[in-house]
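Chains as they are written, first to last, in this note's numbering: chain A, 8 to 472; chain B, 8 to 472.
None of these hints come from the bench; they were simulated from the model. Every value quoted in this text rests on a predicted model; they were computed, and no experiment measured them. Worth double-checking, as some hints may not be accurate.
Said to hold, decoys possible - In the DSBU-like style, the derived pairs of lysine-lysine whose C-alpha atoms are separated by at most 35 Å in a straight line are:
no.: 1; chain 1: A; residue 1: K164; chain 2: B; residue 2: K298
no.: 2; chain 1: A; residue 1: K163; chain 2: B; residue 2: K247
no.: 3; chain 1: B; residue 1: K310; chain 2: A; residue 2: K13
no.: 4; chain 1: B; residue 1: K163; chain 2: A; residue 2: K247
no.: 5; chain 1: A; residue 1: K216; chain 2: B; residue 2: K301
no.: 6; chain 1: B; residue 1: K335; chain 2: A; residue 2: K301
no.: 7; chain 1: A; residue 1: K310; chain 2: B; residue 2: K216
no.: 8; chain 1: B; residue 1: K164; chain 2: A; residue 2: K309
no.: 9; chain 1: B; residue 1: K164; chain 2: A; residue 2: K247
no.: 10; chain 1: A; residue 1: K301; chain 2: B; residue 2: K131
no.: 11; chain 1: A; residue 1: K163; chain 2: B; residue 2: K164
no.: 12; chain 1: B; residue 1: K335; chain 2: A; residue 2: K102
no.: 13; chain 1: B; residue 1: K335; chain 2: A; residue 2: K298
no.: 14; chain 1: B; residue 1: K335; chain 2: B; residue 2: K462
Protein chains: 2
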Amino acid sequence: MALLEKVTRLIRDNQLITDRDKVLLAVSGGLDSVALLRIFSQLKGRFNLELAVVHIHHGIRGSAADEDLDFVKCLSHDYNLLFYAKKVNSKAFAKSQKLSPEESARILRYQAFEEFLQKLKFSKLATAHTASDQAETVLDHFLRGSGSLGLRGMQKKRGIYIRPLLELTREDLEQYVKENKLIFRHDSSNEDLKFRRNRIRHELIPYLKEHFNPNLVETLNRTACIFSETESVLEAVSEKAYRSLVSLQKKNEIIVEIDGFLGYFRVVQKYILFRACQALEINRNDLNFDKVDKLLSIIAQKKVGKRIDINQDFQLSIDHDGIIIKRKASEQIPQMKFDLLDSNALKFGGYELKWSITKREEAVEFNKNRQIELLDFDKTGSNLRLRTFHPGDRFIPLNFKGQKKIADYFSDRKIPHHLREVTPILESPAGIVWLCGHCIDNRFKVREETNRLLKLEIKESSNEF
Amino acid sequence: MALLEKVTRLIRDNQLITDRDKVLLAVSGGLDSVALLRIFSQLKGRFNLELAVVHIHHGIRGSAADEDLDFVKCLSHDYNLLFYAKKVNSKAFAKSQKLSPEESARILRYQAFEEFLQKLKFSKLATAHTASDQAETVLDHFLRGSGSLGLRGMQKKRGIYIRPLLELTREDLEQYVKENKLIFRHDSSNEDLKFRRNRIRHELIPYLKEHFNPNLVETLNRTACIFSETESVLEAVSEKAYRSLVSLQKKNEIIVEIDGFLGYFRVVQKYILFRACQALEINRNDLNFDKVDKLLSIIAQKKVGKRIDINQDFQLSIDHDGIIIKRKASEQIPQMKFDLLDSNALKFGGYELKWSITKREEAVEFNKNRQIELLDFDKTGSNLRLRTFHPGDRFIPLNFKGQKKIADYFSDRKIPHHLREVTPILESPAGIVWLCGHCIDNRFKVREETNRLLKLEIKESSNEF
Chain A
8 MALLEKVTRL IRDNQLITDR DKVLLAVSGG LDSVALLRIF SQLKGRFNLE LAVVHIHHGI
68 RGSAADEDLD FVKCLSHDYN LLFYAKKVNS KAFAKSQKLS PEESARILRY QAFEEFLQKL
128 KFSKLATAHT ASDQAETVLD HFLRGSGSLG LRGMQKKRGI YIRPLLELTR EDLEQYVKEN
188 KLIFRHDSSN EDLKFRRNRI RHELIPYLKE HFNPNLVETL NRTACIFSET ESVLEAVSEK
248 AYRSLVSLQK KNEIIVEIDG FLGYFRVVQK YILFRACQAL EINRNDLNFD KVDKLLSIIA
308 QKKVGKRIDI NQDFQLSIDH DGIIIKRKAS EQIPQMKFDL LDSNALKFGG YELKWSITKR
368 EEAVEFNKNR QIELLDFDKT GSNLRLRTFH PGDRFIPLNF KGQKKIADYF SDRKIPHHLR
428 EVTPILESPA GIVWLCGHCI DNRFKVREET NRLLKLEIKE SSNEF
Chain B
8 MALLEKVTRL IRDNQLITDR DKVLLAVSGG LDSVALLRIF SQLKGRFNLE LAVVHIHHGI
68 RGSAADEDLD FVKCLSHDYN LLFYAKKVNS KAFAKSQKLS PEESARILRY QAFEEFLQKL
128 KFSKLATAHT ASDQAETVLD HFLRGSGSLG LRGMQKKRGI YIRPLLELTR EDLEQYVKEN
188 KLIFRHDSSN EDLKFRRNRI RHELIPYLKE HFNPNLVETL NRTACIFSET ESVLEAVSEK
248 AYRSLVSLQK KNEIIVEIDG FLGYFRVVQK YILFRACQAL EINRNDLNFD KVDKLLSIIA
308 QKKVGKRIDI NQDFQLSIDH DGIIIKRKAS EQIPQMKFDL LDSNALKFGG YELKWSITKR
368 EEAVEFNKNR QIELLDFDKT GSNLRLRTFH PGDRFIPLNF KGQKKIADYF SDRKIPHHLR
428 EVTPILESPA GIVWLCGHCI DNRFKVREET NRLLKLEIKE SSNEF
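Given the sequences, and given the hints that come with them, work out the whole structure.
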């Protein structure tokens, strides 16, 4: 049968499944997914598959949805397949997350799919999306202003998700269902034009086919292919650029070489930014068009010291080293009070501070390692505070007489901007004690008369990848 | 005034014009172009420009079009600008070229523009296209299934053409025209929904704005920017690939290294093909989607000897050397009869054949250059024929006894397939005389008894770029 061969070819050409794969079929009960179920039960032997059915009840559409669930349950039984269902509350989720009902249902559905896959130890999840759905998706993305990422539409394979019907049209499936006398459920909400997708399907596409392009569905599927390829090129170019430009990559910080960055086309610059933000686990939704535009224009200005928030946790700044994307200082180093007598170590925002207090018994040997310092404990006292730099902070650098602005101290020593605000500062009620890793305050240094020694050591936690 | 500043900024940011540029303004008499005329007359001093007006009469719309011409003529006079007009017959052209009326008018318009620019020695031609036109163009191309090349829409600058109003909307211009009390002509054909563009403008865009995206025009202009960038990346990647892969580039032939070619993404492969065809002056219209698809699939098969027509003049073939795109042999070397006594040289399809007939006076010295041969003129006779290889051709190679298939002779010597069919073959009524550049036939070689010598020399015309 031609249709089965077409699906088989798509599966083979795109390596959607391999021998003995365990495939979960997403079945809503509608025409497309009922056809998917039948098609896979026919292909089961050919690919030596283990199959099961999963159904998501979105907690809307009242009894009709309950009946859908029962229908798919019976259907699975008829096909002798295990059946799994989950009920989610997509209305409540939409409200709490300020999402459209469609978007909310989509997110919850895919979450549930992933839970099932993990729990059941299945390797793939097949959905019944067709070329008709693909055309709608491409058109929808185009109207929203997408670039090649959106115009490539749905992929035949994306991680565990496979779409084996993506080259069949809705009409192909209708005919198949008719020929095989399959029963399916009508979802009345599919007709409601208040849903964007339904208007695209029932109104826009028929209109465009009539007046502009009778082969629109085919054309849009070809468009998806073209941009899938285009996207691959952009990704390859950008990935190469990204690797050559990133000079530092830590859990909370990435530095990108700025001159090289500016040498790339703008669209590649965007991908590099996305890639960096992805590595820092910054939500892609925080990078809308306007935000990215702003980030790129700030980078283009190349003004050292300039900074801009990416979201509430991360900041992009321009420094001598390049483009710095990192967790904001306030996030990284919380302001905190502590008592040296309570413990002997403290971990905070990527650092570890250790200390010991000892009676001075002999001459003190100083070392050059600015990560370790000796201080006069009777001067510092045990009640200390940790914080980061504030503009206007002053201290008396070791062996200096007068106060100096910490900002000037940083500048004189050419400490990169992005490091200044993550330098922990240790403060006692009597003033700043230690610019950790850089310099102690002269008032707290060990003198002839020092009785008790406070030995401090600061270490950056190893957070390199 | 904000609008003038916007146009000035666009001109400066995109370097559309330079000081003392000579700019021809394309003025139809409609709202947009009347605004363009006024805007440029205001900017004239700022950019130190020389201006003139050009108007194209498309030979349709009867007296209304004649009145448009008169109107623009008067307007130019009011602005104290030289006025040039040309009448073209776009209806007849559409018919003869099987084009839509819109496409026909467009082609003739741009042809006329270029004639004027050359004749008048102007450096730029400015059109009144707006962001609204851009949105329509992008939407139109999308519905036709374009890739990034089409979705980038019109460019602000393309060669001599500049579009300084491309960031203003039609509404901006309407307001400007109103504020400045400008008079313009209505073109009633702009309302006719039988023209695709009018339906997009008056029906589709308003519908999409109402139901899908109120900022559609802005969104589509952003889409154009995104794909303009995307296209630049594809072009840069492909140009680099092209340069590294082309091992031979002559006027009628290009060879592209095949393994390297197949290593690129499909979309890059397409660009390389386009680039090669462009170098051979193959019309882009001959490379539609299906044709390119076929070419790529033949290349992917990598079957030596396989060939396919690109258009009626050019052929793509696979050979040991790589992908060969070249003028078809039948085109390149016409079959022709000639008499050696009529002249002493002949040029044909990239070759030059020279000859001389002399009395044999002394011993003959042979050389190793297979481009030059000596033959027995009394055996060849003067009535010869030039042609190319036919399957089944046989001859007796020099110093052989029996006949040999020319195909086998080529194979034995590993002559690349693409050279076999452009090898001229010289034939006398008594049989094949010379496989030019390779081997003479034993029957015609110079012997003891040879009386008159025929000296032949074949040369490839230098057609290297």
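Status of each hint after checking the structure:
1. A:K164 - B:K298: 27 Å, holds
2. A:K163 - B:K247: 30 Å, holds
3. B:K310 - A:K13: Holds. K310 (chain B) to K13 (chain A) sits at ~26 Å (cutoff 35 Å).
4. B:K163 - A:K247: Given pair K163 (chain B), K247 (chain A) holds - Cα atoms ~30 Å apart, limit 35 Å.
5. A:K216 - B:K301: 26 Å, holds
6. B:K335 - A:K301: Since the Cα atoms of K335 (chain B) and K301 (chain A) sit roughly 54 Å apart, the hinted pair is violated (cutoff 35 Å).
7. A:K310 - B:K216: 40 Å, violated
8. B:K164 - A:K309: Cα-Cα ~27 Å, so holds.
9. B:K164 - A:K247: 31 Å, holds
10. A:K301 - B:K131: 33 Å, holds
11. A:K163 - B:K164: Distance of about 39 Å is beyond 35 Å: violated.
12. B:K335 - A:K102: This hinted pair is violated, its Cα atoms lying about 67 Å apart.
13. B:K335 - A:K298: Distance ~54 Å between K335 (chain B) and K298 (chain A) Cα, so the pair is violated.
14. B:K335 - B:K462: 29 Å, holds
When each numbered hint is compared with the structure, violations occur for hints 6, 7, 11, 12 and 13.
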